[in-house]
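K.L.:
Given the structure of chain A, go ahead and fit chain B onto it with the hints provided.
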Amino acid sequence: MKILVAVKQVAALEEDFEIRADGRGIDPDFLVRDLNEWDDFSLEEAVKIKEAATDPIEVVVVSVGPDEVDESLRKCLAKGADRAIRVWDDAVEGSDPVAIARILAAVAAHEAPDLLFAGVQSSDQSFAATGIATAGLLGWPHGAVVANLQYSPGAKSAVFRRELEGGLLHEVEIQCPAVLTIQAGINTPRYASLRSIKQAAARPIEVKSIADFRLDATQVGESGSLSRVRRMYVPEKGRAQLIEGSPAEQAARLAAIIREFKGVA
Amino acid sequence: MAGILVIAEQRRGELRPVSLELIAAAQELRQGGDSVAVAILGPEPQEFVAALTVAGVDEIVTIRTEVPEFDPDTFEAAAGALIAERRPAVVLVAHSVDSFGYAAALAARQGFGFASDVFKVERIDGELVATRGGYGQKVSVELDFPGRSTVLLCLRANMWKAPDPGASPNVTAFAAPAAPSRAAGRSFVEVSAADDVDMTAAEFILTIGRGVGEEAKIPQFRELADAVGATLGCSRPIADAGWLPKSRQVGQSGKTASNCQLYIAMGVSGAIQHLAGMKHVSTIVAVNSDPGASIFGVARYGIVGDIFEIAEELRKSF
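Taken in sequence, the protein lines are chains A and B.
If you read the first sequence in numbering that gives the first Met the number 0, its first letter stands for residue 0, the second for the next number, and so on.
If you read the second sequence in numbering that gives the first Met the number 0, its first letter stands for residue 0, the second for the next number, and so on.
Worth flagging that the hints you see were computed from the coordinates, not collected in a lab.
Some hints could be false.
To be verified - BS3-like cross-link-like pairs, simulated, lysine-lysine; straight-line CA separation at most 30 Å:
hint : chain 1 : residue 1 : chain 2 : residue 2
1    : A       : Lys1      : A       : Lys49
2    : A       : Lys197    : A       : Lys49
3    : B       : Lys137    : B       : Lys278
4    : B       : Lys315    : A       : Lys261
5    : B       : Lys216    : A       : Lys261
6    : A       : Lys261    : B       : Lys137
In isolation and in its complexed conformation, chain A is listed as follows (with noise of 0.2 Å):
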């Protein structure tokens, strides 16, 4: 039984940040990484279920990235994953979502999992593709949005509810294999102790080429993927007026602006 777990090391941008020269990316100098919110939901979720299980139960993370992205899948080793796998090669740079799920469903397919999980989405990118883009291309039953699970490991299905908009749930039967793309706020995600990330420091991480999954360099990349930036650029700001001043100053116009509502409502 095992559960595979795709996460990704996403970039937050500095204060003060520059587009690259080629107008189509950020400079790298001025992004902040750090392992996807999203994903230390999906992660917590399928070390809770390792937990619950009376068999044993395999959780093994999976990130498409360079070296930097060991960083992030020490996080998951520290917090309960077994094994982790980080795949990279030179092709994948300028990939969107699909060719990174054209590598994720390579890697499920080879590692067979009863269970995939991926944050529903990434919060740089934010494209909320990648973990149903990967099911589609295994062709595995997929649900979005999980919001609550119920499964017993090794059934031939699991139960979820997803969230849809405006705090309605839809309760759905899903057969197993699945991707299951998991909500943030599923449930309490764990800190690592000390001790844990110590002892994930010097634990192992699979790298692998894309070639190990017979995967070649036009699947990846730019001619592996379905979009491509054509320019990034600052949108103009929008119209806030801002309130200047000491903190007191600012205050006092915030009072003097819920009087005036308060004074017509």
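P.N.:
Just chain B, lined up with the frame of chain A:
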């Protein structure tokens, strides 16, 4: 035919409003002899024909499904078959939870150009260009789709204005191939309210976000909201952490601040899902320590500063 296909969305017998926005986007994008067809799937799809008869629609394609509600296998098979028959240049669907459930799988399997959360679509020198946000909407990203004869785009809601009624579309029925469902819907469940607050009715909301930092700070803001006469709301991370009940969450998967006139957002960065629930409010005041926070993009007034300092000073006035 270099047409545009819109896939409308319905749930529990109601057409979702975003469906009409997709038609508006199609209308804006069409050129020359492009035709606009709108597909609707459901057990009784003809019930939606009247609602979809709006300006710009040339054809409504009804697709009868065995399943009563959204199902990924049914939708992927039906949309795939219709696209294979019609070969539209552009397919527009909503960037919604239902689309999350099948659009990327369909595009990946069929090799369609693909982009999600798109808020602008245009043709530049004859090439289709879709714009979406990146890094928490701090940048805009233009995408193109070289070599793709069909491009599937998931469009963000509330970006296009629904067209006026009035058109005389052809209505045709399309027989979708049978696709056994491997992820069958069973029932809908309303999120039970842990307290009796009705965010949709509140006229004055004070919302707190991730900037609050820790649960121990919540009472301070609860007390402040009471003092100024506001209903206390929150963004997703606060509800996810269990610091405030889900019933107080404003945003796409929470509540819409439908009747709100004054909205004070403290420590809310302004994720697109949160903005969906409040950006229409006439007076929004954002307080955030990050001058680059996207909440300032929708706010009328902005205070760049420490939310705790501002909260403390504001409390003194009431």
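K.L.:
Quickly compare the C-alpha distance for Lys261 of chain A and Lys137 of chain B to 30 Å and report which way the hint goes.
P.N.:
Since the Cα atoms of Lys261 of chain A and Lys137 of chain B sit roughly 34 Å apart, the hinted pair is violated (cutoff 30 Å).
K.L.:
Within a Cα-Cα threshold of 30 Å, do Lys1 of chain A and Lys49 of chain A meet the stated pairing?
P.N.:
It holds: about 9 Å lies between the C-alpha atoms, which stays within 30 Å.
K.L.:
Could you grab the alpha-carbon distance between Lys315 of chain B and Lys261 of chain A and see if it respects the 30 Å cut-off?
P.N.:
Given pair Lys315 of chain B, Lys261 of chain A holds - Cα atoms ~17 Å apart, limit 30 Å.
K.L.:
CA of Lys197 of chain A to CA of Lys49 of chain A, is that 30 Å or under?
P.N.:
The given pair, whose Cα atoms are some 22 Å apart, holds under the 30 Å limit.
K.L.:
Run the distance test for Lys137 of chain B versus Lys278 of chain B: straight-line Cα separation, threshold 30 Å.
P.N.:
holds (17 Å)
K.L.:
Is the hinted pair Lys216 of chain B and Lys261 of chain A satisfied, with a Cα-Cα distance of at most 30 Å?
P.N.:
holds (26 Å)
When held up to the earlier numbered hints, the structure conflicts with hint 6 and nothing else.
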